[in-house]
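**Student:** Sequence:
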Amino acid sequence: MKCKVCGTWLPLGVQECPNCGWKINDQHGGTNSTQQTRKKSKKWLLGIFLFIVMIVGLVNYLPSFVDHYRFMDFEKHTFEELLDNGYNEDPVLLKVIEKRDNVKKYFDDILDFDCVYTKSSALAGRKYIDLISFVVSGEKDGITYYLSYRFDKNGENTSQTLGFDYYTNVGIHEKLDLQTDSQIIHSLAEYIQVNDADDLLKQAYQVFKKNDDHMYEGRITIGNKDICIDENELVDSQVSYHINGSISCNN
6 MKCKVCGTWL PLGVQECPNC GWKINDQHGG TNSTQQTRKK SKKWLLGIFL
56 FIVMIVGLVN YLPSFVDHYR FMDFEKHTFE ELLDNGYNED PVLLKVIEKR
106 DNVKKYFDDI LDFDCVYTKS SALAGRKYID LISFVVSGEK DGITYYLSYR
156 FDKNGENTSQ TLGFDYYTNV GIHEKLDLQT DSQIIHSLAE YIQVNDADDL
206 LKQAYQVFKK NDDHMYEGRI TIGNKDICID ENELVDSQVS YHINGSISCN
256 N
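When the sequence shown is numbered by the numbering used here, its final residue is 256 and no position is left out of the sequence of numbers.
Incorrect hints may have been included.
Said to hold, decoys possible - PhoX-like, lysine-lysine: derived pairs with alpha carbons at most 25 Å apart:
id, residue 1, residue 2
1, Lys145, Lys104
2, Lys207, Lys145
3, Lys145, Lys124
4, Lys100, Lys124
5, Lys214, Lys180
6, Lys110, Lys124
7, Lys132, Lys145
8, Lys158, Lys180
9, Lys207, Lys230
10, Lys100, Lys158
11, Lys158, Lys132
12, Lys132, Lys81
13, Lys110, Lys100
14, Lys110, Lys132
15, Lys145, Lys110
16, Lys104, Lys81
17, Lys100, Lys145
18, Lys145, Lys81
To be clear, the hints were calculated from the coordinates, so they are not data collected in a lab. Owing to the predicted nature of the structure, the values given are computational and were not obtained by experimental measurement.
Build the full structure now, drawing on both the sequences and the hints.
**Tutor:** Next comes the structure, spelled out in structure tokens:
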């Protein structure tokens with residue numbers, strides 16, 4: 006073995022060069038130091054990688070965590086229950102109730118249904134209410150027609166839907182025609198400012214298809230409108246099919 010400094014041949018077993026004093030252990034010490042530096046670098050890179058993964062995971066989880074925490078202390082109530090439990094002066098609730106009463110009056114006076122029904126719900130927390138909604142429905146010739154509305158915690162209308170529901174022995178897949186009253190459908194559509202209800206429902210017909218052994222459906226989205234028509238074949242029933250459809254407008 007030669008000295009790394011002066012090139013002198015070194016006998017076996019010596020610990021340093023007799024000529025220049027170079028210590029043989031300095032070579033190994035340098036190697037160990039390099040190896041330790043590399044190990045530390047790898048640990049730093051691994052730590053940075055794990056930190057990035059943790060941050061990405063936290064960002065992805067945060068919205069669902071916030072939503073969960075946001076509604077953790079909320080309970081579902083009807084409007085009447087809220088009025089009886091301290092929200093009788095809440096401006097958002099009173100605003101939505103006024104809207105519901107106007108829709109009910111429209112069903113009573115304009116559409117002239119024999120019976121009109123309302124259903125309401127909202128999540129009530131310690132400081133405010135949220136996810137507020139109501140449905141007003143009426144029945145004529147065995148067909149139920151309805152309007153439903155959704156509101157946020159500020160009382161702003163986020164969506165409205167017109168819909169219908171009935172039972173029949175003639176399926177839509179057999180005859181592409183609804184048994185609904187066209188005048189009622191048009192009136193409901195105008196009330197929520199939808200001027201092309203017939204065309205929207207026809208486009209849903211065009212994609213009407215069988216999903217399983219007992220169900221057909223046609224669903225489309227055009228702009229801010231979601232249109233769907235469903236037909237469920239009923240087993241062991243006096244009628245053959247359950248039909249329901251809707252046009253929803255998202256604000």
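**Student:** A separate judgement is required for each hint: does it hold in the structure or not?
**Tutor:** Each hint, compared with the structure:
1. Lys145 / Lys104: holds (23 Å)
2. Lys207 / Lys145: holds (22 Å)
3. Lys145 / Lys124: Holds. Lys145 to Lys124 sits at ~18 Å (cutoff 25 Å).
4. Lys100 / Lys124: holds (16 Å)
5. Lys214 / Lys180: Measuring from Cα to Cα gives roughly 13 Å; hence the hint holds.
6. Lys110 / Lys124: holds (15 Å)
7. Lys132 / Lys145: violated (41 Å)
8. Lys158 / Lys180: It is violated: about 44 Å lies between the C-alpha atoms, which goes past 25 Å.
9. Lys207 / Lys230: holds (14 Å)
10. Lys100 / Lys158: Holds, because 11 Å separates the two Cα atoms, which is no more than 25 Å.
11. Lys158 / Lys132: With Cα atoms ~11 Å apart, Lys158 and Lys132 stay inside 25 Å; holds.
12. Lys132 / Lys81: holds (14 Å)
13. Lys110 / Lys100: holds (16 Å)
14. Lys110 / Lys132: Since the Cα atoms of Lys110 and Lys132 sit roughly 31 Å apart, the hinted pair is violated (cutoff 25 Å).
15. Lys145 / Lys110: Since the Cα atoms of Lys145 and Lys110 sit roughly 16 Å apart, the hinted pair holds (cutoff 25 Å).
16. Lys104 / Lys81: Distance ~20 Å between Lys104 and Lys81 Cα, so the pair holds.
17. Lys100 / Lys145: Judged against 25 Å, a Cα distance of about 29 Å means the pair is violated.
18. Lys145 / Lys81: Since the Cα atoms of Lys145 and Lys81 sit roughly 31 Å apart, the hinted pair is violated (cutoff 25 Å).
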